[in-house]
Amino acid sequence: MRRRLELGKTLSRIDFLMLISVFFLMFLGVAFIYSSGISSTGINVSNEYQKQLIRIISGLFILLFFSIYDIEKIKNFAIPIYLTLLAILIYTRINGSTVNGAKSWLYIGSFGFQPSEFTKIATILLLAKYLDDNKKEIYRLKVFIISFGIIALPFSLILIQPDMGTASVYIPIFIAMIFIGGCNIKHLIYLLLLGGLTLFFTMLPGWEEFILQSKNPFVTILNNKNLLLYLIGSFSFSILLSIIGYFYFKKEYFYWVIYAFSIIIVSLVISYIARTYVLKEYQIMRLIVFMNPQVDPLNFGWNIIQATTAVGSGGLMGKGFLQGTQSHYQFLPEQSTDFIFSILSEELGFIGAILVFGSFFIILIRGILILTYAKDNFSVIVGAGIVGMIFFHVVQNIGMNIGLMPITGIPLFFLSYGGSSLWTALAGIGILQGIYQRRYRN
Amino acid sequence: MKNSVSKLRLYIVVAVIASIFIFNLIHLYRMQVVNQNLYQKKATAVSSRSNIIVAPRGEIYDRNYDIPYVDNRESFSVVVNPAFVGKDNYESLIIKLSQFLEVEESYIEQKLPYSVRNSFNNVEIMSAVSYDKIVKIAENIEFLPGVTWETIPIRNYLFDGSISHILGYVGNISQSEFQVLYNEGYTLNDNIGKNGVEKQYDIILKGKNGLKYKTVDVQGRKLDKENLEKDVPPVAGKNLMLTIDRNIQTLAEKALGNRKGSVTVLKPSTGEILAMVSYPWYEPNEFYDNSKNAFGEILLDDNKPLLNRALQGYAPASTFKIIMSTAALEEQVPTDLTVDCTGRVFYGDRYFGCWNPAGHGVVDLQAALENSCNIFYYTLGRDYLGIDKINTYARAFGFGEKTGIDLPNEASGQVPTPEWVKKKYDTWWTNGDTMNVSIGQGQTLATPIQIANELAFILNEGVVYKPHVVKEIIDPLTGKTLETISREVLLKSTYKPETFVEIKKYMRGVITDGTAKNAISTRAVEIAAKTGTGEVGLKDRFHDWFVSYGPYDAAPEDQVVMVVMIEASNELDRWRPWAPKASDLIYQGIFANQNFDEVLKTLRPYYLRELWQ
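Chains as they are written, first to last, in numbering that gives the first Met the number 0: chain Z, 0 to 441; chain U, 0 to 612.
For the record, the hints were derived by calculation from the structure and aren't laboratory data.
Be careful, since some hints might not be right.
A few chain Z positions that, by computed beta-carbon distances, are all more than 12 Å from chain U [unchecked claim]:
| # | residue |
| --- | --- |
| 1 | A30 |
| 2 | N43 |
| 3 | S45 |
| 4 | Y68 |
| 5 | P79 |
| 6 | I87 |
| 7 | I89 |
| 8 | V98 |
| 9 | S155 |
| 10 | I174 |
| 11 | G205 |
| 12 | E208 |
| 13 | N222 |
| 14 | L230 |
| 15 | I264 |
| 16 | G348 |
Simulated DEER-style distance windows between Cβ atoms [as the list claims (entries may be wrong)]:
| # | chain 1 | residue 1 | chain 2 | residue 2 | range |
| --- | --- | --- | --- | --- | --- |
| 17 | Z | I188 | U | K40 | 41 to 51 Å |
| 18 | U | A137 | Z | I350 | 49 to 59 Å |
| 19 | U | N34 | Z | L198 | 41 to 51 Å |
| 20 | U | V15 | Z | K185 | 15 to 25 Å |
| 21 | Z | L198 | U | S91 | 50 to 60 Å |
Being a predicted model, the structure only gives us computed values, none of them experimental.
The beta-carbon is built from N, C-alpha and C at its ideal position, and this holds for glycine as well.
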């Protein structure tokens with residue numbers, strides 16, 4: 000009797016607006032996974048939409064589980080879960096199946112999944128636990144660095160699969176959690192500037208080679224090891240002087256000199272290492288074609304060109320369900336997964352795009368609202384991580400569909416075909432719902 | 000508020016989310032609503048493929064406009080669509096195709112490398128396949144999956160022989176031609192006229208290719224969908240009517256026989272070329288035969304069959320004396336000038352000879368032209384005219400300039416001035432040089448078409464019309480004349496009419512009393528002429544000219560000018576000089592309206608006895 004009451008109470012405390020948006024998106028997803036299976040001759044050649052339906056149904060149990068289960072209790076298992084998934088990631092790197100050039104899949108029998116998706120939730124939980132445990136010292140650099148380390152481990156393991164797209168999701172998750180957790184803004188801005196500058200320096204030689212197509216003296220410095228060392232040396236010397244100055248004169252001025260110069264040096268070093276040792280040719284090409292798809296229209300630029308063509312030709316009202324040409328003539332690649340937004344907005348037009356954005360906006364805003372209701376700090380930080388994760392998936396995936404973001408294979412939550420990402424997203428929604436339900440319990 | 004979360008930071012998060020979403024939506028609005036047409040065009044372009052419908056090239060007729068000299072015929076090419084072959088069938092397909100096409104298996108294997116075996120785009124195996132091979136393939140088509148054939152129109156030259164120099168031929172556009180003609184709308188797949196009228200009038204003949212669109216998917220498979228773009232119908236090329244009279248052309252061709260040289264028949268009152276024969280000629284049809292390397296052989300042929308000899312420069316020899324005589328009559332030369340010809344004259348440090356070593360005795364201008372006396376013209380040129388005046392007259396007659404005939408590769412000839420000689424050979428001009436020029440030797444060069452104009456100049460009393468081989472441009476569908484090539488004044492002079500009367504009288508004298516006294520046997524027409532024998536440094540062989548017009552006493556509208564030129568490079572001819580004999584036969588044919596066989600039966604020439612006996 001008491002249990003039934005519990006269930007009833009649970010139902011009454013559900014954030015229906017958010018759930019309806021999630022269901023609407025999943026409905027659209029199935030519809031356009033179906034559409035993507037229609038070949039140019041009008042025959043359905045794929046049963047992906049049926050599989051997706053099964054995954055949605057199984058995903059609902061995950062949603063329900065996390066809605067009811069109090070994540071406060073998980074807190075204690077956060078470390079073992081995190082470590083277990085890290086171990087699985089390492090195992091995947093060694094023994095995983097290769098899909099699209101990355102060892103990112105594990106198979107249990109015929110059931111395949113991407114551990115990197117579930118690691119997101121585990122990492123969110125551990126980081127939240129750490130930040131909650133160090134609530135008092137969150138302002139300190141030490142906490143910031145350790146937090147970054149918690150993120151950096153799975154991030155690096157996924158990056159070497161190599162799956163740059165999935166790895167990149169960890170960065171907004173980290174930013175959202177540490178920001179809402181109450182970190183020192185100076186640390187965060189330092190990290191953001193460092194990341195931005197590193198990306199800039201990494202891309203500059205490629206930009207020179209493929210877009211500018213002539214020599215630029217500044218870019219030459221980046222390619223010349225001696226000049227680069229000289230540059231780093233002179234900046235390091237400036238920093239050294241500033242450190243001496245800082246301790247001697249105790250002037251704020253020196254702090255900011257160190258702050259700025261160290262960003263430049265570290266980004267120069269990291270970008271050099273990234274260009275020379277870490278990034279593969281194709282990963283750099285993806286970023287190049289993002290700047291100009293026509294550099295390589297038939298190969299790396301193909302996806303961007305076909306996706307934007309499909310989206311743009313959709314118009315205000317779209318070509319109608321199952322009436323898309325770019326998609327059904329098979330010009331559009333990966334229609335059911337990474338580029339599902341393209342087929343959707345080709346066939347439903349700008350109106351369809353507004354529906355998708357609107358639904359995600361409701362989910363995210365309701366998510367943020369839930370944070371204000373959360374009964375404890377841990378829940379707030381977990382929620383922030385989930386909001387950051389969902390937000391980044393939306394912006395990155397849709398962005399690459401419409402030419403605003405470089406192509407990195409990350410799925411559009413709730414819409415893209417695939418179980419791992421769907422379950423991760425539903426787990427996230429479940430956690431948010433759970434936080435919402437326990438809002439009054441103190 | 001049950002937790003310590005900073006409201007400000009949450010607001011920042013909301014603001015970030017909202018602004019990025021709005022930015023995305025604005026971008027989408029620009030793509031989908033503002034620029035939709037742009038993307039739709041791209042979408043259409045990527046899924047639309049077009050096949051070129053080759054426009055039929057214009058046909059070329061002679062002045063009668065009844066039977067075409069050249070039209071188009073269907074050429075078959077065998078193509079394979081690899082996707083329809085099936086992976087396991089390749090081996091047997093290659094064996095069978097090599098049997099039907101009568102080529103090596105390796106040849107077909109080369110055309111079907113593994114890289115194309117999944118393609119949906121047709122691969123051409125062989126072009127210009129004969130009809131009977133196509134029939135064999137058609138009969139066995141069920142054993143040849145993926146094999147089809149295409150027809151493309153190619154040039155068909157219905158008349159072989161000397162007309163090839165006028166018509167020219169057609170070939171694939173070359174890279175250098177493409178660069179020059181890019182702005183005229185040519186593409187790299189185009190065929191283009193390479194010589195003759197085909198080249199000169201290519202833009203008019205070629206028409207405009209059409210396009211047939213189809214909608215395809217990413218692999219190039221044709222889809223059963225409505226076409227996204229409208230087909231463009233081809234525009235047929237225009238037909239050409241030549242000024243050439245094919246009867247005269249054939250006549251001239253046969254009269255010339257297999258002697259290197261040329262025959263030019265010109266209508267002086269209009270500039271129309273009635274016949275232009277240059278031997279040797281080529282057979283353009285052979286260029287389209289894959290089994291022969293006809294073009295390569297022609298390029299290596301020492302006799303240079305691609306050369307239109309009617310447009311090449313030669314020493315005009317004694318035909319130049321017409322110009323010298325005109326100058327004598329126009330300039331302050333004593334009308335009673337006589338020269339005693341003793342067969343040779345000593346000047347400077349050497350003898351200058353007359354062609355007749357016995358000498359002509361005392362000759363005046365008329366006798367000198369009629370008998371082609373060199374001694375007279377040496378004196379005239381050296382003592383009375385001088386090189387500058389001679390050159391002035393040569394240029395007035397059109398020497399040293401292209402006539403602008405509507406055929407490619409015309410030479411401009413050469414009028415040597417003392418300054419030019421100094422510059423080129425670093426030698427000073429001497430009176431001896433002037434004497435050589437006076438008899439048409441030396442460095443003066445003229446093309447047969449320029450010589451023909453020289454006569455037209457006399458007949459039209461100082462006017463020359465631009466020679467041309469195309470008379471009309473005709474719409475192939477309606478048969479209506481779109482453009483008539485009108486007569487165009489090329490040269491005009493203010494010489495006295497009496498001068499021309501005198502020259503014509505003298506030239507008639509060449510036939511009645513002079514160097515060609517016994518050469519002409521036809522009774523169909525009375526002609527006037529000038530002979531020419533050009534020294535080229537060979538002991539017993541000469542450039543042999545015979546320039547003439549007839550009827551000698553008619554109005555220019557009824558006259559024809561004929562220039563026959565036989566090169567010295569020919570084998571020693573038993574019947575030399577041949578030029579007057581060929582002219583004789585052609586005049587008989589033109590004015591008695593006979594073909595060559597009838598001409599022979601009428602004239603019964605001893606030198607062609609084997610042909611009429």
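Here is what the structure says about each hint:
{"no.": "1", "hint": "A30", "verdict": "holds, 19 Å"}
{"no.": "2", "hint": "N43", "verdict": "holds, 16 Å"}
{"no.": "3", "hint": "S45", "verdict": "holds, 16 Å"}
{"no.": "4", "hint": "Y68", "verdict": "holds, 20 Å"}
{"no.": "5", "hint": "P79", "verdict": "holds, 27 Å"}
{"no.": "6", "hint": "I87", "verdict": "holds, 31 Å"}
{"no.": "7", "hint": "I89", "verdict": "holds, 33 Å"}
{"no.": "8", "hint": "V98", "verdict": "holds, 21 Å"}
{"no.": "9", "hint": "S155", "verdict": "holds, 26 Å"}
{"no.": "10", "hint": "I174", "verdict": "violated, 10 Å"}
{"no.": "11", "hint": "G205", "verdict": "holds, 24 Å"}
{"no.": "12", "hint": "E208", "verdict": "holds, 26 Å"}
{"no.": "13", "hint": "N222", "verdict": "holds, 33 Å"}
{"no.": "14", "hint": "L230", "verdict": "holds, 34 Å"}
{"no.": "15", "hint": "I264", "verdict": "holds, 29 Å"}
{"no.": "16", "hint": "G348", "verdict": "violated, 6 Å"}
{"no.": "17", "hint": "I188(Z) - K40(U): 41 to 51 Å", "verdict": "holds, 44 Å"}
{"no.": "18", "hint": "A137(U) - I350(Z): 49 to 59 Å", "verdict": "holds, 54 Å"}
{"no.": "19", "hint": "N34(U) - L198(Z): 41 to 51 Å", "verdict": "violated, 28 Å"}
{"no.": "20", "hint": "V15(U) - K185(Z): 15 to 25 Å", "verdict": "holds, 19 Å"}
{"no.": "21", "hint": "L198(Z) - S91(U): 50 to 60 Å", "verdict": "holds, 57 Å"}
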